[in-house]
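*Asks:* First to last, the sequence lines map onto chains D and C. Counting from 327, one number per residue, gives the positions in the first sequence under this note's numbering. Counting from 888, one number per residue, gives the positions in the second sequence under this note's numbering.
Treat the hints with care, as some may be off.
What the hints assert, rightly or not - Straight-line distance between alpha carbons at most 16 Å, and here's what the computed EDC-like set of lysine to aspartate or glutamate pairs gives:
1) D:519 x C:1091
2) D:530 x D:562
3) C:975 x C:894
4) D:555 x D:594
5) D:470 x C:946
6) D:470 x C:1089
7) D:519 x C:982
8) D:519 x C:1078
9) D:470 x C:1091
10) D:403 x C:1089
11) D:403 x D:440
12) D:424 x D:487
13) C:906 x C:894
14) D:403 x D:343
15) D:527 x D:487
16) D:470 x C:1085
17) D:328 x D:498
18) D:519 x C:894
19) C:1170 x C:1142
20) D:403 x C:1018
Keep in mind that the hints were calculated from the coordinates and are not lab data.
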Amino acid sequence: MKIFDPHIHMTSRTTDDYSAMAQNGILVIVEPSFWLGQPRTNVGSFIDYFNSLLGWERFRASQFGIRHFCTIGLNPKEANNPRLAEEVLSLLPRYLQKDGVVAVGEIGYDDQTDAEERIFARQLELAMEMDLPVLVHTPHRDKKRGTIRSLDLIRSVGFPEERALIDHNTEETLPLILDTGCWAGHTIYPHTKMDEVRMVKLVKEYGSERILINSAADWGISDPLKVPKTTDLMLESGITLQTIRTIVWDNPAHFFSQSQRLDLAGIDARPSIDQTEFYGGSTVLRGGQTPVVER
Amino acid sequence: MIAFLTEILRARASGGGWKWFQTASRSTVAPVDLNRLLGNYAGASLRLGKRALNLEPEETRRWNSRRPDLPVDHWGLDELGRAILLLKIVHLPPDEYVDTVLECYQQGDSREQQSWLRGLNLLPGRGRFLDAAVDACRTNIVPLLEAIACENPYPAAHFPELNFNQMVLKSLFNAIRMERILGLESRFNPELSRMADDYASEREAAGRDVPPDLWWVVAPRITPERIGRIYPYLQQGNSRHRYWAARALGYARDEPSRLELEGRRTIETDDRVLAAIDASLAKMVQ
Ligand SMILES: [Zn+2]
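Isolated chain C (complex conformation) (with noise of 0.2 Å):
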């Protein structure tokens, strides 16, 4: 894995970038150096620069091979050294490597931090750092929440139920798409449901506009009662409102939900709804 990694790395760093880094991987030999160690984690970004991998076909499959759960296409140069750097230091006794890894993160600035999130996936025994990624959903920096919540597996493998449904309502909240949530499906459950369906009544008693894509949470485990709160969502002005309604319609098994979406069909114009309807129409038949 490192050697990989390393590989991607170089072949992207500049001449002084390269140089610096191979120094800076002499701090992660024992004794470890903590200040040294911080340090370089620091400079990453100021040495190796922050443009996205972008991994080449041939990179891509190779990496798929190995991780196909994790996507770092969109990882800076910087924060695939820093996520090096963590792999050179777990020589270390297992609680000092802990305490050193938390120090990274808890010494880092807004763009280390990111970096840690995102590294996190490749530690071994990376669910002895719950509590801190647990910890980064509380910030208000966006940047850094969408680190974790973002083309991350790590919530869905990792985070328990309370802290998973926290992270996705505080996405509703930023406007972040469900969809960039890696494993959101995989982690549906009535609470969360419930929360998303409460955040809804909560925004249409202000008269505010409710996320398009909220329904794709609040439908798989809805009440068979309530299903029918999203039926004028699929009468909306907005596509994306339509589009989400009829994606969300899909999870339900009754008539009436049947007949609303048929009906929709009847007079729907846009075609990426007109897909959705027909798919949600074809899942409720089998």
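Next comes chain D alone, as it looks inside the complex (with noise of 0.2 Å):
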């Protein structure tokens, strides 16, 4: 089965982890920008980390034949520092418009603070103006009061609905998304948020309509091989083809396809692996390492 996981933090992850998500089918991915465990200090810490998503990150999983896309935002939890939010917001123009950035995001309320808020808006606007869809985080703390103002902030803005995917939901938020137009993202944790077993419970009672599943597999206790081993579990359950289908691939390719920036035809088909490649003198092998080169 081909899937796309639509929401990884693969910058944490090492190549063992990507050869393994190859192997169990993982074409595409997205690796959403976030916090990075620690507060960063300074503009200059993203703007190499924007880099780095765009250009290092995006070469490792090609190495082992995964698409890799991304999406840029400053996040909730650092939008509550002033001046470095400012700065991070006037770098945001020109990220957005690079090659392979198919959102705004993350983007969301973390302690649902004002400035949290201002942010939030501001980013939404933003991707309004840059033609983008927008991916929303929603706080652990005070989940279902955060959902709820992340669905009311999108409405007043006027940001539309279709082109929001709004993620880590529960039980309870699930419901909330689906009465809106929005997308709801699941994010399948070892030990928090969602686990397999009540993922396969929800599409049994809601199906897959806007429905979308991802491992996040970031810094934290996490697995990025959440998707297949979620999908082999609805499998299982009886769930049909068609419905794992949808929400393990066409729905990420759906909306992310609403950027205009990802070719539905194109990764449909696994790019081919030359590990003979480098990037800017850095190659994913070491020394000995025999290069797996297909053609």
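Reassemble the complex: the two chains are provided individually, in unrelated frames, and hints are given to aid placement.
*Replies:* Next up, the structure:
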């Protein structure tokens, strides 16, 4: 089964993860920009981070036959640093025009402060100007309220709902999203957010329309194979192949193709691997390893 | 204050450590060289060690006569050293003082930041450091979160309600016991009660365990029609759930809650839970 993981932080993962992902059918990924577990103290750190998402990380993915896209934005946690937030916002118009940027994100609420709301709204407006969809992170704490506030804000700035993917949903928030025109993402984590068994139950109850799943695999306890693992459990649980395909391929592909920067026909085939390639003088290979070349 | 703290430090530092500290103290005299100060702020762990202060009874008595609100037993010697260094630069012009203190936080590693968050309670005009203290709660490093949220009077004294509530929720997420948050009772509020209640619902919907002491945060400001959601926890197998449910119901004033407690009392076998039930029933009578 072809799999599209619409939310995975590969910067924190190893090449072993990439090869396991490729073996398990993952063909396309979207890596949203987010916070790095540690607050950044200056705008230069953002420039380097965005550049690495667009450059080295995409190259690394390609070495395993995986197409890597990314979303660029200012995450809600760091939106609370007023000086930094302004400097990062001023970078965004230029970064959002770069190749392979398929949405503005992750944006949204964390502590649900006024500063977060301001920066969230400004990035929604920026996404409209740039004609891009948005990837919205919902908070861990006070999630239901935060989700409702996110939906309200999207509506109040007049952002087109079908271009918003609201992520990290639970049993309590999914129905709220489905009541709107937005798309609903689910992060399958080992201990928090959502697990495979609960996800199967949700799919049985709500079907596949506008529903996505992702692994979000990052620097925390997480598993980059959660999407294929959930796919397997859905199959075992008697969910139809068509439903599963809609969730793990068609939906993410359609959602991000609204950016006009993801060619639906083009992503269907796995790109051929050439590990003899270099990126800025670097290769994913270490001395003595034989490169994989497919032509 | 500085003299007493320095005495505590001196009684515990090694010979080399004390010598280092005296030299380091000279970097706080005007004109202050920021790089030297930052170096000394960093070096405190290496030079003084991290052993907990564990005050002697006499020291505790003297400390409590000064700052009964501020527990320091758990501070490491390095943390005390850092706090004294920051106290010694109060002679700087106000703006420079604030900037210098903030540099110590921003350039600090986790241990330096923990020390800073604890030492904050000693600094004059500490309200000026609110933004950094609030920002510290955004960390995913649990010991750092604990440094501000636990055994620390700063949040209850200075945090606006939104930030205080977020800190409490984050502590619940990280399985931090609510009793470790100083002044929590003085900051109970309806919004916090609602947030914790929603968190319990979210855990229940996901089929996951709810932190037992969460009800202590929920109950005091819960709306009367929702108090009944605590009852099932009074019947749970785990005695910690029963204990906290019993304590939480002490905030209720209604007859059904009293009957729930009375009912459990007849079958409860755990002494700690029984004591909590009795205390709550007594509270309800008042
Ligand atoms: Zn993420």
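*Asks:* If a hint holds in the structure, say so; if it does not, say that too.
*Replies:* Structure-based check of all given hints:
{"no.": "1", "hint": "D:519 x C:1091", "result": "holds, 13 Å"}
{"no.": "2", "hint": "D:530 x D:562", "result": "holds, 13 Å"}
{"no.": "3", "hint": "C:975 x C:894", "result": "holds, 15 Å"}
{"no.": "4", "hint": "D:555 x D:594", "result": "violated, 21 Å"}
{"no.": "5", "hint": "D:470 x C:946", "result": "violated, 48 Å"}
{"no.": "6", "hint": "D:470 x C:1089", "result": "holds, 8 Å"}
{"no.": "7", "hint": "D:519 x C:982", "result": "violated, 43 Å"}
{"no.": "8", "hint": "D:519 x C:1078", "result": "violated, 23 Å"}
{"no.": "9", "hint": "D:470 x C:1091", "result": "holds, 14 Å"}
{"no.": "10", "hint": "D:403 x C:1089", "result": "violated, 22 Å"}
{"no.": "11", "hint": "D:403 x D:440", "result": "holds, 12 Å"}
{"no.": "12", "hint": "D:424 x D:487", "result": "violated, 24 Å"}
{"no.": "13", "hint": "C:906 x C:894", "result": "holds, 14 Å"}
{"no.": "14", "hint": "D:403 x D:343", "result": "violated, 27 Å"}
{"no.": "15", "hint": "D:527 x D:487", "result": "violated, 25 Å"}
{"no.": "16", "hint": "D:470 x C:1085", "result": "holds, 8 Å"}
{"no.": "17", "hint": "D:328 x D:498", "result": "violated, 29 Å"}
{"no.": "18", "hint": "D:519 x C:894", "result": "violated, 49 Å"}
{"no.": "19", "hint": "C:1170 x C:1142", "result": "holds, 13 Å"}
{"no.": "20", "hint": "D:403 x C:1018", "result": "holds, 13 Å"}
In the structure shown, a violation is registered for the earlier hints numbered 4, 5, 7, 8, 10, 12, 14, 15, 17 and 18, in ascending order.
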